[in-house]
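S.K.: Going line by line, the protein sequences match chains A and B.
Residue 457 is where the first sequence ends in this note's numbering, and the numbering goes up by one at each step.
Residue 199 is where the second sequence ends in this note's numbering, and the numbering goes up by one at each step.
FYI, nobody ran anything at the bench for these hints, they're computed from the structure.
Since the model is a prediction, treat every value here as computed from it, not as a measurement.
Treat the hints with care, since some could be wrong.
Some but not every residue of chain A turned toward chain B, in silico, with C-beta under 10 Å [said to hold, decoys possible]:
# : residue
1 : Ala35
2 : Val56
3 : Gly408
Example chain B residues on the side facing chain A (calculated, C-beta under 7 Å, incomplete) [what the hints assert, rightly or not]:
#  : residue
4  : Ile29
5  : Tyr31
6  : Ala32
7  : Gln37
8  : Phe55
9  : Gln56
10 : Ala71
11 : Glu98
12 : Ala128
We put the CB at the ideal spot given by N, CA and C, even for glycine.
The primary structure of each chain is shown beneath.
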Amino acid sequence: MNHPAQAAKFIEDEARAHWHDESLWFVRAKRDKAAQTLPEWEQLREKASQIKEHTVSHLADYLEEFSENAAKLGVHVHWAKDGDEHNEIVLSILEKHSVKRIVKSKSMLTEECHLNPYLEKQGIEVVDTDLGERIVQLRNEPPSHIVLPAIHIKKEEVGELFHEHLQTEAGACDPEYLTEAARNHLREKFLQADAGITGVNFAIAETGGVVVCTNEGNADLGTALPNLHIACMGIEKLVPRARDLGVFLRLLARSATGQPITTYTSHFHGPRSGAEMHIVLVDNGRSNLLGQAAFRRSLSCIRCGACMNTCPVYRRSGGHSYEATVPGPIGSILAPARDTEKFYTLPHACSLCGSCTDVCPVKIDLHHQLFAWRQKIAEQGLLPFVKTSSMQATSFLFRHPKLYRFLGSVGRRIAACLPRFLLYNKLNPWGKQRELPIIPLESFSKQYKKHRKDHDQ
Amino acid sequence: MTSKDHILNAIRKQSAPKTDLPNLEGPWIEYANLKSQFVDSVAAVGGECRSVKNFQAVKSELDQLPVFQSAKKICSLVSEVVSGNVELNEIADPHDLEDVDFAIAAGEFGVAENGAVWVNSGTMQNRAVYFISQHLALVIPGNQLVHNMHQAYERLVFPEPGFGVFISGPSKTADIEQSLVIGAHGARSLVVFLVDEID
Numbered sequence: 001m002n003h004p005a006q007a008a009k010f011i012e013d014e015a016r017a018h019w020h021d022e023s024l025w026f027v028r029a030k031r032d033k034a035a036q037t038l039p040e041w042e043q044l045r046e047k048a049s050q051i052k053e054h055t056v057s058h059l060a061d062y063l064e065e066f067s068e069n070a071a072k073l074g075v076h077v078h079w080a081k082d083g084d085e086h087n088e089i090v091l092s093i094l095e096k097h098s099v100k101r102i103v104k105s106k107s108m109l110t111e112e113c114h115l116n117p118y119l120e121k122q123g124i125e126v127v128d129t130d131l132g133e134r135i136v137q138l139r140n141e142p143p144s145h146i147v148l149p150a151i152h153i154k155k156e157e158v159g160e161l162f163h164e165h166l167q168t169e170a171g172a173c174d175p176e177y178l179t180e181a182a183r184n185h186l187r188e189k190f191l192q193a194d195a196g197i198t199g200v201n202f203a204i205a206e207t208g209g210v211v212v213c214t215n216e217g218n219a220d221l222g223t224a225l226p227n228l229h230i231a232c233m234g235i236e237k238l239v240p241r242a243r244d245l246g247v248f249l250r251l252l253a254r255s256a257t258g259q260p261i262t263t264y265t266s267h268f269h270g271p272r273s274g275a276e277m278h279i280v281l282v283d284n285g286r287s288n289l290l291g292q293a294a295f296r297r298s299l300s301c302i303r304c305g306a307c308m309n310t311c312p313v314y315r316r317s318g319g320h321s322y323e324a325t326v327p328g329p330i331g332s333i334l335a336p337a338r339d340t341e342k343f344y345t346l347p348h349a350c351s352l353c354g355s356c357t358d359v360c361p362v363k364i365d366l367h368h369q370l371f372a373w374r375q376k377i378a379e380q381g382l383l384p385f386v387k388t389s390s391m392q393a394t395s396f397l398f399r400h401p402k403l404y405r406f407l408g409s410v411g412r413r414i415a416a417c418l419p420r421f422l423l424y425n426k427l428n429p430w431g432k433q434r435e436l437p438i439i440p441l442e443s444f445s446k447q448y449k450k451h452r453k454d455h456d457q
Numbered sequence: 001m002t003s004k005d006h007i008l009n010a011i012r013k014q015s016a017p018k019t020d021l022p023n024l025e026g027p028w029i030e031y032a033n034l035k036s037q038f039v040d041s042v043a044a045v046g047g048e049c050r051s052v053k054n055f056q057a058v059k060s061e062l063d064q065l066p067v068f069q070s071a072k073k074i075c076s077l078v079s080e081v082v083s084g085n086v087e088l089n090e091i092a093d094p095h096d097l098e099d100v101d102f103a104i105a106a107g108e109f110g111v112a113e114n115g116a117v118w119v120n121s122g123t124m125q126n127r128a129v130y131f132i133s134q135h136l137a138l139v140i141p142g143n144q145l146v147h148n149m150h151q152a153y154e155r156l157v158f159p160e161p162g163f164g165v166f167i168s169g170p171s172k173t174a175d176i177e178q179s180l181v182i183g184a185h186g187a188r189s190l191v192v193f194l195v196d197e198i199d
């Protein structure tokens with residue numbers, strides 16, 4: 001896994017990288033507009049942050065309360081330590097009902113557990129029903145964004161894909177036409193399905209209910225037709241009280257897409273008449289994250305994607321360059337927690353500009369956590385030699401002011417005459433696409449002293 | 001040890017500092033004109049809201065709607081407005097609702113800040129009707145509007161099994177190049193009727 005290498009591939013197509021950047025900035029701008037309609041926006045963020053922090057600090061109690069209440073509603077509650085156990089549980093439920101066809105609505109958790117390939121190996125058809133997810137599924141790709149799974153794909157490419165799989169007209173790429181084709185194709189899948197799998201946006205401890213937010217209505221159709229509903233959720237999705245949702249639902253869609261709320265905000269309290277409902281509670285590394293003070297607040301994430309839309313690195317490198325289920329700033333915190341060695345480049349895919357922290361609806365200190373990861377990664381000796389050696393050299397230089405000044409004065413004199421290969425090489429990744437500025441003959445401190453002197457007179 | 005105990009123990013072993021649950025007192029946004037804000041919000045999310053005098057007026061408004069005029073199969077859960085020709089109680093399997101063109105249902109209240117209508121279907125087997133119908137009309141009492149989501153949740157209790165949903169506008173997607181398309185999987189259009197006189 002290597003973010004810089006993947007990002008380099010992405011930006012080779014300059015026009016496309018620019019288009020990607022603009023698409024996401026457009027979403028970020030919509031978020032700003034929506035946030036500004038509420039004078040209490042900052043207060044909402046603060047409340048949301050406090051509710052999540054409280055919940056995480058009492059998580060075991062709330063999980064017990066939730067599972068007891070859900071059971072009272074007639075829900076079968078399951079617990080999974082990791083992704084494998086989650087997949088086994090889901091499969092065993094499906095086998096009991098002889099399920100052959102599943103419709104799934106968006107769930108980053110099942111992506112994290114790689115549920116689709118697991119079930120497909122057992123001969124079960126899994127159809128992702130969110131339009132963006134269906135597009136990436138037909139392309140055999142993972143989503144590149146947690147809210148906008150197909151944000152990296154152009155409509156012409158969707159046109160070609162649908163022509164191949166859904167028999168749309170060759171060359172047709174009108175979004176309305178393509179969406180209509182997907183609607184008809186997926187209607188059939190909804191009607192044929194033996195079971196519906198959904199993710200969970202929020203689970204309410206005091207009632208035992210789960211809440212799912214979609215714009216398309218896919219979670220609703222997928223659970224209203226088949227007689228089996230399996231809801232899969234990470235254990236951090238809990239809120240204590242139903243009225244806490246007032247806070248989160250006001251923040252979620254506004255932060256995600258700039259909508260005041262998603263089209264459908266569905267509250268499932270037990271199965272409908274004649275049907276069966278299961279909830280699978282999944283840990284998969286979350287309890288471990290809870291123990292790490294520096295990264296604990298990443299468990300507050302409500303998966304709105306705002307940090308991705310605003311991130312200058314994400315926008316210019318694309319979601320796939322992270323090679324993680326959740327990309328972008330929040331993903332760069334979660335992925336190294338799972339496997340530090342594999343994902344050590346991700347916390348470095350960040351300019352520490354802090355924009356993610358500014359837009360986060362639950363006030364996660366994202367860029368501070370990314371910085372903390374960098375320190376931890378360095379301490380664990382995971383950085384490559386070029387990085388550690390140049391860091392050590394820089395550190396030595398900064399600790400010896402006389403040497404610093406001497407080398408500075410030499411450098412200023414000779415830099416302009418040095419051959420290019422000495423200035424532009426592997427040790428200077430900054431110079432890959434940029435020219436060094438013209439170096440002034442006088443150092444900053446000299447210029448500063450001179451300026452002060454002139455000013456004081 | 002069961003996985004449940006394993007997970008709960010793993011969590012309890014960690015010592016996250018205990019913090020308090022905040023109060024949710026606000027102040028939260030309230031609008032000078034509740035009704036017009038709601039009407040505007042429904043329009044902003046792609047729906048349409050009409051304020052009418054009584055059930056009869058709902059019927060005559062519906063009669064003017066081209067999608068209602070051309071609807072062959074109509075399912076009504078508000079018999080005072082129209083009787084329809086699909087009897088939900090007689091449908092044994094929700095799949096049989098696949099060709100419903102128009103559904104009319106009651107909502108409990110509307111939320112001015114986002115145009116959402118709270119619809120409660122209890123444990124009804126055929127709740128698919130809200131999502132599978134090509135077009136949807138929701139009827140709510142004109143005086144049942146709240147300003148914001150906090151007020152909405154003050155009204156909601158979940159004492160027993162059931163299904164409830166906030167519906168804000170028609171089904172939509174922007175998954176192809178961020179182009180908004182109305183009519184993804186659910187209703188292609190949504191009309192909300194605010195009825196002044198409901199007995």
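S.K.: Each hint: holds or not?
M.R.: Verification of the hints:
1. Given the 10 Å rule on beta carbons, the hint for Ala35/A is violated: about 13 Å separates it from the nearest Cβ of chain B.
2. Annotation: interface hint on Val56/A holds; nearest CB of chain B at approximately 6 Å, less than 10 Å.
3. Against a cut-off of 10 Å between C-beta atoms, the interface hint on Gly408/A is violated, since the closest Cβ of chain B lies about 46 Å away.
4. Hint on Ile29/B holds. Least Cβ distance to chain A is approximately 6 Å, under the 7 Å limit.
5. With a cut of 7 Å, the hint placing Tyr31/B at the interface with chain A is violated, because the nearest CB-to-CB distance is about 11 Å.
6. At about 14 Å, the closest approach between the beta carbon of Ala32/B and any beta carbon in chain A exceeds 7 Å, and the interface hint on this residue is violated.
7. A hinted interface residue such as Gln37/B counts as satisfied when its beta carbon comes closer than 7 Å to some beta carbon of chain A; here the least separation is about 11 Å, so the hint is violated.
8. For Phe55/B, the interface hint is violated, since its Cβ never comes within 7 Å of a Cβ in chain A; the closest pair sits about 26 Å apart.
9. Proximity of Gln56/B to chain A is violated relative to the hint, the smallest CB-CB distance being about 30 Å (cut-off 7 Å).
10. The interface hint given for Ala71/B is broken, as the beta carbon of that residue sits about 17 Å from the closest beta carbon of chain A, more than 7 Å.
11. Using the Cβ-Cβ criterion of 7 Å, the hint placing Glu98/B at the interface with chain A is satisfied: the shortest such distance is roughly 6 Å.
12. A hinted interface residue such as Ala128/B counts as satisfied when its beta carbon comes closer than 7 Å to some beta carbon of chain A; here the least separation is about 4 Å, so the hint holds.
Of the hints listed earlier, those the structure fails to meet are numbers 1, 3, 5, 6, 7, 8, 9 and 10, in rising order.
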